[in-house]
Amino acid sequence: MKKFLLIFAMLLLVPICAYSADKIVPEYVSLEYNNTFGLYQAPSELMIYKEPAEDSNLLYSISWIGSKIYPEGVNPKELFVVYLPEKNLGMLAVTDETEDWVEVIYNNSTGSKGWIKKDDPYRFMTWVMFYNMYGRKYGLKMLKEIPAFAKDLHSSTEDNSQIVGTINMPQKINLTAIKGNWALVSVFDIDKTPKTGYVRWRSDNGIKYYFPDIK
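So in our numbering, the last spot in the sequence shown is 222, and the numbers never skip.
Take these hints with a grain of salt, some might be off.
Stated by the list, open to error - Per label pair, the in silico range of CB-to-CB distance: (1) 65 to 102: 45 to 55 Å; (2) 129 to 175: 34 to 44 Å; (3) 114 to 213: 11 to 21 Å; (4) 57 to 169: 44 to 54 Å; (5) 155 to 201: 19 to 29 Å; (6) 200 to 114: 35 to 45 Å.
None of these hints come from the bench; they were simulated from the model.
In this text, a Cβ means the ideal position worked out from N, Cα and C, and glycines have one as well.
Sequences and hints are given; from them, build the entire structure.
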């Protein structure tokens, strides 16, 4: 508690970079940095090391609360995959993990990586855990530039299974379950016809076609 108050006091005294309070959630299908394990919820004091050891070189140090970030000039779009400043939630992509450390991408423009020591084991979520938590709560959204085959609803989790429908302009995509790279969804489409089936939420090499519609 004392540590948190100290960080908060520091943020009030130093120059602050306050970005728009708009959330950051993936909108487009991305071919970059898909070989990731999941997401790590960033603590308010973020220290990133070159190696998974505290005596390693410190690459990056950030203090943040909501939309207030120090040092000045840090762009949350480069740092976070998911960023909801009003909820004080920021998540970084994880590329490797040990018992006590996670390797993260701390610059989404360059792909620069470093290690964060875990201060809470529940901050790390695999992609399946993340989708089960946030996707089932908020539903899913189709990412822009999604390939046509990823809009098909299948009867089972096989590419050659029967296609039972197609998602066109969904008003709501409810997630029921994740099974590997497939998601069982119920869709209320623009034609007001309910549809249920399996869609590929990501490709075999990690390209994501759907993302939790976090609000």
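Do the hints match the structure? See the list:
no.: 1; hint: 65 to 102: 45 to 55 Å; in the structure: 19 Å, violated
no.: 2; hint: 129 to 175: 34 to 44 Å; in the structure: 38 Å, holds
no.: 3; hint: 114 to 213: 11 to 21 Å; in the structure: 19 Å, holds
no.: 4; hint: 57 to 169: 44 to 54 Å; in the structure: 51 Å, holds
no.: 5; hint: 155 to 201: 19 to 29 Å; in the structure: 21 Å, holds
no.: 6; hint: 200 to 114: 35 to 45 Å; in the structure: 44 Å, holds
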